[in-house]
Every structure is written in structure tokens, then in C-alpha cells.
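K.L.:
Given next are the chains, with one letter for each unit.
There are 6 protein chains.
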Amino acid sequence: MSVDLIRPPSTLLVEPQVRAALVEDLGRAGDITSDLTIAPDAKGTVRLMARKPGVLAGLNAAEIAFHLVDPSLSIDVAIRDGGRLNPGDRIASISGSLRAILTAERVALNFAGHLSGVATTTAALVDAIAGTRARIVCTRKTTPGLLEKYAVRCGGGFNHRFGLDDAVLIKDNHIAAAGGIAAVLERVRAGLGHMTKVEIEVDTLAQLEEALALGADTILLDNMSNDDLRRAVAMNAGRAVLEASGSVTAANVRAIAETGVDTISSGAITHSATSLDLGLDF
Amino acid sequence: MSVDLIRPPSTLLVEPQVRAALVEDLGRAGDITSDLTIAPDAKGTVRLMARKPGVLAGLNAAEIAFHLVDPSLSIDVAIRDGGRLNPGDRIASISGSLRAILTAERVALNFAGHLSGVATTTAALVDAIAGTRARIVCTRKTTPGLLEKYAVRCGGGFNHRFGLDDAVLIKDNHIAAAGGIAAVLERVRAGLGHMTKVEIEVDTLAQLEEALALGADTILLDNMSNDDLRRAVAMNAGRAVLEASGSVTAANVRAIAETGVDTISSGAITHSATSLDLGLDF
Amino acid sequence: MSVDLIRPPSTLLVEPQVRAALVEDLGRAGDITSDLTIAPDAKGTVRLMARKPGVLAGLNAAEIAFHLVDPSLSIDVAIRDGGRLNPGDRIASISGSLRAILTAERVALNFAGHLSGVATTTAALVDAIAGTRARIVCTRKTTPGLLEKYAVRCGGGFNHRFGLDDAVLIKDNHIAAAGGIAAVLERVRAGLGHMTKVEIEVDTLAQLEEALALGADTILLDNMSNDDLRRAVAMNAGRAVLEASGSVTAANVRAIAETGVDTISSGAITHSATSLDLGLDF
Amino acid sequence: MSVDLIRPPSTLLVEPQVRAALVEDLGRAGDITSDLTIAPDAKGTVRLMARKPGVLAGLNAAEIAFHLVDPSLSIDVAIRDGGRLNPGDRIASISGSLRAILTAERVALNFAGHLSGVATTTAALVDAIAGTRARIVCTRKTTPGLLEKYAVRCGGGFNHRFGLDDAVLIKDNHIAAAGGIAAVLERVRAGLGHMTKVEIEVDTLAQLEEALALGADTILLDNMSNDDLRRAVAMNAGRAVLEASGSVTAANVRAIAETGVDTISSGAITHSATSLDLGLDF
Amino acid sequence: MSVDLIRPPSTLLVEPQVRAALVEDLGRAGDITSDLTIAPDAKGTVRLMARKPGVLAGLNAAEIAFHLVDPSLSIDVAIRDGGRLNPGDRIASISGSLRAILTAERVALNFAGHLSGVATTTAALVDAIAGTRARIVCTRKTTPGLLEKYAVRCGGGFNHRFGLDDAVLIKDNHIAAAGGIAAVLERVRAGLGHMTKVEIEVDTLAQLEEALALGADTILLDNMSNDDLRRAVAMNAGRAVLEASGSVTAANVRAIAETGVDTISSGAITHSATSLDLGLDF
Amino acid sequence: MSVDLIRPPSTLLVEPQVRAALVEDLGRAGDITSDLTIAPDAKGTVRLMARKPGVLAGLNAAEIAFHLVDPSLSIDVAIRDGGRLNPGDRIASISGSLRAILTAERVALNFAGHLSGVATTTAALVDAIAGTRARIVCTRKTTPGLLEKYAVRCGGGFNHRFGLDDAVLIKDNHIAAAGGIAAVLERVRAGLGHMTKVEIEVDTLAQLEEALALGADTILLDNMSNDDLRRAVAMNAGRAVLEASGSVTAANVRAIAETGVDTISSGAITHSATSLDLGLDF
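Residue numbers (this note's numbering), protein chains in the order written: chain U, 529 to 810; chain V, 529 to 810; chain W, 529 to 810; chain F, 529 to 810; chain B, 529 to 810; chain P, 529 to 810.
Just to be clear, a hint being listed does not mean it is correct.
No distinction is drawn between identical chains; accordingly, a pair holds when it is met within one copy or between any pair of copies.
Below, in silico cross-link-like pairs of lysine-lysine (DSBU-like), each with a Cα-Cα straight-line distance of 35 Å or less [said to hold, decoys possible]:
| hint | residue 1 | residue 2 |
| --- | --- | --- |
| 1 | K580 | K699 |
| 2 | K669 | K699 |
| 3 | K580 | K669 |
If you are wondering where the hints come from, they were derived from the structure by calculation, not from laboratory data.
Next comes chain U alone, as it looks inside the complex (with noise of 0.2 Å):
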């Protein structure tokens, strides 16, 4: 895996997320159980430990979570993000006020639980298409706050667009309101900066025909059999990135990348990643 994909996000853009989880959790009257039953001065040590195996992301949300509640907490980090996991494995210990680590707890695993399950499903789909040329992305299907894209890259991955602003997608509603495919490029490159990449959705090998034509330079191949996904690569001899899309799994990632197509795009490495089972033991 490149070290290149995991640049952690800036703590600019992490802590308000993080903070915003701490402020719902806490609510009005704050932790009560542990206000009420551990001594204000209590000290400990725990560990986050993996429980299962797989790849680790959102360690930094985690220690955000932790130093928020209490900035003189100090903790140790053994593994970092985009480090394997396996059960038993201690990945950091945290250090200081017992009461501020009950508090920060469950916060602090949700981040890195959730995110750690995008990772975790984003390698395995990484690690099935190992030797291809292909590459694993992933889509807009996720929960708002953006560190889903980190943690995809945390697994292996790579980022499609971020949103809706730092690139063009053209789909089928887009071309048929445009009037074709010849009419919607030209409308996108009329008004487009030179700095945001156009990719365009085709359904079938005329419509990629015609794309290529028109020297469209990437291209989305949506719910395309293999052999179509081959035909399509046969077709643009290396002219433009072609994407495959539609239903991809880890079964048949595989066979998909074996086509010979450059990227493969998947929803569910996001928006049905199980959490990962990390813990604290105290």
C-alpha cells in the first residue's frame, strides 16, 4: 500500500466533526455516570485493542476525541492508520484522567470503528484485484463529514470526486437533457475551466464509440458485462480511463479488473461497511 494515499485530513477540517459527536454526546448534563462515580483525580491507562482482524483508519479522529475532552491526556500510538490489524493487536495507549477517558470513549471507537470498516472493506477489494491495473474508488454514497474518503484511501484505495463542485459527472439524465452526447460535451467544455476533469457515463459500446469520438478522456462504463467491459477496452486502445461501475463485490472484483479497465468504482466500500470491533481495555 503507498504511503501517498494516507495524508491524514488537517485537524481544521477533522476537529469540528469530532467535536460536533463529543457535544451531542454529552448533551446537556455531560457524563453523568462517570462525574458521579469515578474520583475527579482518578488516573489509568488503556489500551485500544483490535478485536478482529483488518485495517486500521480514524486513529486520528480517535486521538482528537480523546484530547478534546481532556488536552493533558497523552497517548501512545503503536500502529497507525492504514496498518493491518490483527486480533489482540494493541494499537495505542491512552494515558491521564480516568473519568476523561470513559468520557471520550465511545466517540473515539465509533470514529475509528466506522472508519476502520471502510478501510477494511476497501482492502479487500484492493488485495482481490492485486497484479491487475486496475484500482479500487469509491463514489459520493457516503455520511457526510468526508473521512470516509480518507478511509478509503486507508485501505488501498483511491478518491472519485469529492462532491459535487471539483468535478464533472455526466450521466444519462445529463445527456438526454443536453440533447446527446455531442450536444452535453460541448456544453460542458464551453463553460468548464481548464482545471476540472469531465467524465461521462456511456451504457452501451455505441454510446462509448461515440464518447471516444468525440475525445471524451474518461469515461464511466455502467453496469457493463465483462465481455463488454473487454470489448470496451479493446475499443479505446488506451485513449481514455475507463471506469466500471455496477455491482461489484468482492466475488467479482476480480474477474472486473481482469478486463483491463483502470478504475473500479464501488459503493458499498462506503455506505455498507460493517464497523470494525476495536475496544478499550482498561
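Based on these hints, arrange chains V, W, F, B and P on the given structure of chain U.
P.N.:
Chains V, W, F, B and P only, in chain U's frame:
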């Protein structure tokens, strides 16, 4: 399913979440694809469709998404939250500006798909225990924003506490820090107002006996075997509310319910629910 | 006064309130008087003093105010929240930039003075019922921001629910709308999770009898005479928690407490507490 | 009472405050009592009533509270801010969803009750000095959110500065830090634009003489005896605006006013006003 | 000017900016002048006029300003964003409450005047290169809030990247840190998804040759002489998109465009545009 | 230039503005170029340099930008706000993470460049009237965020009111609506507290005479010829503060000042200042 469970949260609480998701997706330049390819005055009607069987939740959030992008969109609702979905069911129709519909589409589907996934996963457990006295309840293993708590109710489940401050949940670390079950209960009762519930977690039947003797009225039985759960129900003799917790699945939930416990809590119905496949037909 | 009551809310919750007050006071140009008249490097020490007798609350908010204006101010605390104050008592000393101290002064005093006023008013009721079994509790008749709930605890009182969502309080209009006490309790029990308390308000002993028969476990006795309160306590025979409510004053609270009720609620301790006179000595 | 004083603040400023109060009260689950007990389509009309004599303020905020919870509520106003209230007076009627009315009730009453308390307390001072030349003004001893400044106007009072930045108020510490009255006035005049007023606080008649000689145009006479105030008025001979300050009560305010000062400031009208008893009749 | 360029940003993005400007201007007490001098029910119609020639931008923001202050104001638009203005042209008429119109006036004019200034400055460059193949593009030298990017489009220009995250722009420091053009391009390609454009800045023709050989598809030619630009265009032979940058003025832009480059970027059209004189006629 | 003018606004007010600019620039994925091309542990020192002559303002905002991105950056300041700049002057050096420096660079330069542009433009007017009694003041024709008001002071100018609420400025429309100068002044005096200044705009010497007779203490002379300004100064005979307004330029400002007016206001120093060229040297 009781209609009483399905009380959509106030728009004052839901709108900020949907607005934040839209603002994040719009980024700095908005939906550049639709703006470039679709005429500002193009109109149309789309249908929000179920593509897989399940239980609907989050329609309210989807409606808010469409109306935030364009208050003049009209929405005709055919199926309400809590309704059972079959593939091909029309949930709602949205009419008006095509640009606006396409701009709001992904955020609306992300909310409705995720929350319907939670409701569907919950309903699977609820259905599995039909006829027993037990209730399915959620945990704090959620993503921030709290609509998942509502989705659990759409699926026929009940809510546990919403955060750290609306109820006391005494876990093993709190018991240890306070010096035992008697000490921890005394501390909590000394400091807590009369409108806050207290639950205490026990790992063994000996602890249960101690908690019952001390008059605990809600007890979490953590990771007990079904045999122990049955013994716990017998020991309790109706005095306290008993909650079973730990590794609940659709496969084992009925057996747990048949031990006679009052509630069964599951983190998986929120943290590991997969998205329900919904889509827009143009 | 039990130390368990005095759990200062998390800085994550308090700081935004203090910050908002400072930003409002600073406006667009800041403290123009101090900026124009005091050298940037002038230093000094001031003492936060009690000028009237009372109970301290809100010192935490005052400290946050000083530190938000200037993180380098040092604060030496002599008396903590919940402590009894006599005129001339030094509560704390603040050392550092004179400009910063003067800029933060009014906001710090506004928080501490108002909250100490709430604590002092509460303590007067708490003192008045010393030796009885009753507890003084607050209501939702507060100014937003919730520190008043904490100030009530500093004064030896207990908290009722914090908002509309952390407990059910069934009043006359809810009973009427649902069709009576039996109907309303049935509806609530059908839809509510097991971690939320339910209280029902009754105006007559007949209603009390009905509520007790239906197993209500917390009952608000609204505006009853002390004779009726005594009868209610006798009828209850220890089954439910009984709360007396309505026109409670320092003059009549002991008589109410001596009826044997469990809790006595007062809106006046929050909505009509006068500020306690605190000041800075230079 | 001059109608010019009663200029309700822009909804752009008031709505965020009311919204925050509602969001705090709704918490994470909303008004669970009303949602569980009242049918979604139940309608009704309630009357906002005065239960004690006083002066109305904050009706605007109450209206915003009802409309934020449910924009379809209709409100019929009988008495406007600044109006005198007698027990039993109907202030307004609110018609529509019973659920919505009950959900908004407490926040609406909290705003209107607190602000009417400020207006009533102010009006008592204003009435007491009727016929003199003096005006009652408030201070910065307020709770954040600034509606109290408006409530003072509803009670017939006038506003002092709103924050640290809209006027200069030179107090003893500023004078000491700058090196005397002459030095401090020179510094302020050198750095201040021509649209900001300057007031200087003096403790003695000697200081007053110095300030007048230097051309100060607004002077705060701090804690002076009425005899000294009279001497100050004579010394001033109409040159500067004179403000009397310190321990003003309804009992002593007329005597202060009769000394001939221009304005009398009171912190108690904001920081120690008790809530006016308002309620909803169903 | 292509209508495709003029896509006003979503109200979801613009309204918060306008609201913040109004709230800042209203401060704590609102428009005290208009509130004190104009009757609440005074009505009128004003005309938004051009006082100097130019290109209109920001009318949308001005409309939002008027409607935020008073949703009942009616606005009749005569000229839309992107339209050419001559002195005396009526842009729009606003009818309704005089108080509201005066309160919103300055914020509305500040937005429209500033953004029309950007559009006008842009249009001067666009007009100057009419008939060449080059496009005028903006930079990130903007004031926050991003409406300037839209104003550039209103003036006939195109947008470069909107922020640090929607495209890669490799500058000299990045090249140096990565160890040269080949190394930096390799690093970027290894870590970047397929939907993000990459531009690399070169200072010399030798660097250009290296970048072209490595297949760079967008190249910024920094501060080159027109002779070097011409050589660059020849060397490129249509392979990459070429952007000229550095000290572009209305006087020299045509000569630059005639070198054959594809785009010409200017920071001055955003950071140094002077406001266009617009005003309200009563 | 008086050091009293240069009072940097509180970090509590500046930081949110700088934070918002950084968050906008970072977008959803952060500085992808620097993250991909620069090693996380690469360190360096850069120098913030003046490239054109001018007056510095906004260094504080630039420092905050660097520290928000990376609190461990160290900044050595050579020239402070208000200092005169020559091309090649080193303003400050920033040392630490190269990634962080590059990420913050543009936002830091945008603030400092724009605000120094305002200070420089202001200083040109201030220098031009040296030796006269007049002061240069700004207007409300600013971009939101208010640092421009501070930049005006850095350039030796003074501030007019900061918003609609900190002073009264009666313009022609207010006079007309109230029914004349006498009526408008009476209304304002009846409703306004004693700490708010009042200025009235007059277009003719006849109006000036009326305003002076009514005791107006600050008068704006709108668009009068220099001859009329001279006559106004003579008529005034030192009674009111006189402000000249309308089409002030560096070319005509001295002649205006020599008429004897007290203040000269200019919108152009804020709305039409061009950015001062600052840059980072690596």
C-alpha cells in the same frame, strides 16, 4: 408495528443535518454538471423507488433535502416511514426543476438509504422475536446526528439512552472505580435527581444477586449464556428490568428473547447496517 | 452539601457559551476604552471578592472568560463552586495583562454573579428544609445555556429533567388530549424505551389514587394544600416518588417539606434569583 | 411612554437566540411527552395571559418560538410590547397544532416572562421619577443575547452602551493606568473617531471639576451622596451630561432624580429583575 | 459572452455569506437611525441604478440581502448578472417597507458593487483578447466567500481551481522538495485519483521540455517573455494546455494572447478590482 | 502616525475569520499538492517580503493563519502593522514544517496583501493632508469581516461608525421620511440613549444653518464644493464637527482639508484599494 414509535424528529433538529450534508456536497461551486448541462427551466417528475425489500426510514430527511435545494419542488408521498417496502414500490414522486432534483438526489438518497438500512436491520430482529415479551433496543454505537435512533423506531425497535447525560449506565469500570456495586449505587443515588433512570451492568449471577438486593431497577446482563439469562430471569422474579447484551444476531436473537429478558440491545443495528437500495426513476 | 452534586459541566459545553458572551460584548471593535488607555504591557493582580453573603457558582465560567481573552492570565482559586461566601472573602486572584483583565471583567462577573445568585437562592430553600427527607429540585423555567442547572446543584439542590427529551412529564393538557390518566400512561408505556423516567401531574387526590393504582412511579402534586400533601403521602405509602409543586417560597418550604413529600420543585430559584454581588478589587 | 423607545430588534438578530433555546430544550429526541400523548392532527387555541401586573416585553420572541416550531400556527395579538398588563389580561391567542403549541410553550414563556420582568422592574423606576428631567438607563450587567436592552426600552428606560466597543467608558482603573484624568482624555481623543461618545467616571467633586475643565461631555458620578449630586449639578451648569450610578432602588430613585442629574443607571433592572408571571390558558 | 458561464451559486451557499454581512452590520441594536426616523408602515419604491459603465454581478446577493431583512419586499429585475451597464441604467426596482430597504441598502450595494467591479475588470481583459484562442482565468488571490469566482464568470472569464483540494498545482517549491519534475509528477500520479487535474509550473523552456516529455497535460508558464511564450507554444504543438501567468494588465494582455497560449491567469481581476459605482434612487 | 490608532482586534474576533478562510481553501481534501509532494517532516524557513512600497496591515491575521495550520510554526516579526514598507523589506520569517507553510501561504498573503492595500491607500490620503487639522475617516463601504476598519487605522486614518447600530447617521431619506431636519432631530433625541453620537447629512448651506440652529453636533456636508465647504466652516464657527464627503481622491484631498473641515470620509480607501504585493521567499 406501533405507530407510537414513529415520531419523526422536529424539523428544527433534522434540517441542520441535511443542510450540512448538502453544503458539503455542493462545495464551493455547486453542481457544476447539472448547471452546465440542464436548462434552468427544464421540469420533470421523478419517482423515488425501492429496489430491494426493507423498511422505510428517513423520508423526512429526503424531503427536506429536496426542499432546501428548491422550495418549489412538490413531493407526493405514497409510503411513509415505517412502511414495508418491496422492490418496485414507489415511495414518493418529486416534481419540478430537473436541475434541483439532480442536485439534491445523492444527499436525499444517502439519508433515506442509510436510515432505511438501519430500520430494515432492526425489523429483522424485531420480526425474529415476534410473540415474545422482549423488545429490541439500540445503543450509543451510532454515527453522529441521531437520526439512526429514529430509524431504529421505524424498524420497530426502541431506544436506549440518547447520550451520556440522559440516563446513568454503570459499567464494570465505574463499579471498580467506585469500589463495588453497593458503593457505586449509593454514590449515584446521592447525587442524581429523581427523573433520571439508572442501569447497572453485571457480568455474573452473583453480581446480579447483589444488584437486586440493593434494589437496582434496571440491570444489563452482559454477554451471558442463554442458560444464565434464564437463571437471571428466574432470580429477578419481575423486580428489575433486565437487558441482554452482546453479539446479538438475527440467528440467535429469538433464543435470547425466549429466555424471558425484557430488552435485547444490539450495536450492529446501527453501526453495521448496510444501506437499503433506493433510487430515483426519471 | 454533598460534593457529588458539584460536577462542573465539561469545558466543551461551557466554553461556547462564554465565548459567545465575550464576542457579543467585544462587538466589532473590542474594548476600545482599555485599548486606548492602558499600555499593552501593563501587568497587575486583581482579586475576585464577595461583597454579599451567599453560595458560589460559576467560577469555572469566569475562569474560562479570563483565559479566552488571554490564555496567559494566571488564576489562583481560593474558594470553589459550592463554597459559602461572606462579604470580603477572596474567591480568586487573577494576574497578568491589565488590559485583558479589564476586557474580561464584566462577562466573568455576569456569569459568576448570576449563577451564584441561583446557588444562593437555592441554598436558602435547602437550608430551610434541613433535616427533612425532601429535596429541592429546579424546573425548566431557566434562561438558555443550562449553567443554571449546575448552579442549582452548587446550592445543594437537585435537577429535574434538563429538556423536553430526557424524561416524560405528563401534564393536564396531555392527560386531556390522550383521554385520561389510564389512556395516557398506556400510550407512553407503549412507545417509550426503558431508560426514560415518566412523571404524571395530578391536581386532586382522586387523580392521585388513579395514578397510583396504575403503577405510576413518579407523581407531581400540583398546587395542593399542605393538608392534601399529607394525605397524598399517606395514600402513597412509599410506592411512588412524590413531588410538590407551586408557589414555593423560603417562608413556606419547610412546612411543605414536613408533609413528607420526596421532592419540592421551584421555578423561582432559576427564573427569579437576583444576582449575587461580586466584584474585582485592583 | 414614548413609542420611539419600543423598536423590536430585527428578526435576523432575535431568531438565532430563540432557535438556540428551542434546540437546547428539544435536545436529541424532541418533546417526547407531547409526541407520545397528543395526536399529530389535534388542534386548539390557547391564550397567553398575564397573571400578575406589569409591563409586557418579549412578545416578539415568543411569537418567533411558536413559529419556529410550527410555521402554520396563527397568532392573534391583543397587547403589544410596552403595554401595561393587569392580571387576567389576554396578551395573545395562538391557534393550531396542540403538539406544536405545547412544545414551544416553555421557551416562549421563558423569553416573555423574563423580558417582561425586566420591563416591569424598569417601569417601576421610570414611574417613580415621573416629572423630573432624569432618564433611567441600563448597564452591561446583562445576560448575553441583548434582548434585555430592548426590554429596558419597553419599560420606558433608555440604553447605555451595548458593549465594549460602541462607546468609551473610562473608569477609575483606566484613569490610574493612563496617569490621571487629563492624560486619559488626551489619549482617548487622540485615537478615537468622531462618532464614538466618551464618558468618564469620577468619584469626587474635585475630579468632576477637573473633568469639566477638560471639556468632558459625559460624566458618571459614582456612588455620590444626593448632596454631592446636587453640588455636581450646580458645578456643571448644563455643560456635560451627568449620570448618577450606584445602589439605585425604587425607594431612593426619586430623590436621586430630584438632584437634577440627567441619567440614572441601574444594573439591578437587568441582573436582578424577577420573572413576570405569564401563562397559557387552554 | 456565453450564458453557460453565468451559473449563480446555490442560495444554500450565498445566503450564509449575505446573512453574516447583515448580522455584522446590524450589530446588537440594528439600524437605529431608520428605526428612529421612519414610520414602521412607510412604503416606497427605490431603483438600483448603475452610475458608471461596467458589467453586472452579484445581483443575486443583493436580492438575498433585501429579502433577508424583509421577505415581503418585491424586486423587479431589469438587467441580470453578466449584463453590460451604462450610467443611468436601471438594474432593478425594490418596493416595500422603506425601513427595510434602507437597512439592507449598504450590504446589498457592497456585494453588488464589489462583484460588479470584479466582473468589469475581468471583462476588460476578455474584451482585449477577443478573437484569440486564449481564455482569461482567475487565481486563488481572492477574498474569502467565493462569490468572486462567480463574478469572474459574469465578466466572461473562466475559473481556475477553487481551493487547495480540487486540483493539483505543482509550483517551484513542490518540485524542489520532491527532487525535480520527474519525481514530483511520479509522486502525484501514484497518489491521486483519476478525477483530479494536475498542472505544473515551469520557469524555463528547458523545464517545459522536461514536463512535456513526461506527459504533463497542463503547464503554467510563469513570468515568461512573450518571445518565450511563443517558443513554448511551438514546442508544445498542441499536446498540453498552456497557461501564461504574471503581471497581466489590460495593456499587455492582447500581446500575451497572441502568442497562442490557451489560458491567461490574473490575480488582479480579483484582488485589485475597484468597486463599480451602483446606487439606490429613491 | 499615532501608535494609539494601531490596536489589533482581539484574537477572539480575528481567528474565526481566518479559520473560515482556511477551511474554505482546504475544502474537503486539504492541500493535496503539498501533501503529495512534500515529506511530512520537511522543515524550512521562509521570509515574508514586501515587493512594493506601502504600509503594513494584517500581519496579525497572517500569523494566525500560519498558527491555525500548524501551532508549532515559529514566527519572527521584523516589521509591525503600521510600519512603512519598501520593496525588499523583510516583514517576518516563518520556520517549521514546509507543508504547513505552503498550505497557509495563500490565505496569509490574501489577508496581509488586502489589508496592507487598504492601509497604503489610506496613508496616501493621510500624507496628502499633513499639517491640516483634518482627519481621514472610512465608511461602511467595506467587505464583511471588519478588519478593513483596523487597516484604515494602520494607515493613519480614523474610523467612522462600525455598523448600523453604534451611531446615528441621518441621511436625506431619513430627513424626508421624518418631515424635515427639526422633526428628525427631535425624534432621534427623544428615543436615543446618551451614549450614542448623532450625525446629520446636509446638502446645502441652508440646511446646515438649520442643523446648527437646532444644535446638531456632527454634520456631514455631502458633495459640496470647496467654496461651500469654506463657507460652512465659517458658518459653523467651531460649534459642530464637520465632515466632508464625496469623491475624495489623493489629488483633491488636500484642497478639501484646507477648507478647514474636521474630517474627510472616503469609501474608496476600503472598497477600491488594490492589494499590496507581498510574497514569501523560500
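K.L.:
Now tell me if each hint is right for this structure.
P.N.:
Verification of the supplied hints:
{"no.": "1", "hint": "K580 / K699", "in the structure": "between (39 Å within a copy, 23 Å between copies)"}
{"no.": "2", "hint": "K669 / K699", "in the structure": "both (15 Å within a copy, 33 Å between copies)"}
{"no.": "3", "hint": "K580 / K669", "in the structure": "both (25 Å within a copy, 17 Å between copies)"}
Violation of the numbered hints given earlier is absent; every hint is satisfied by the structure.
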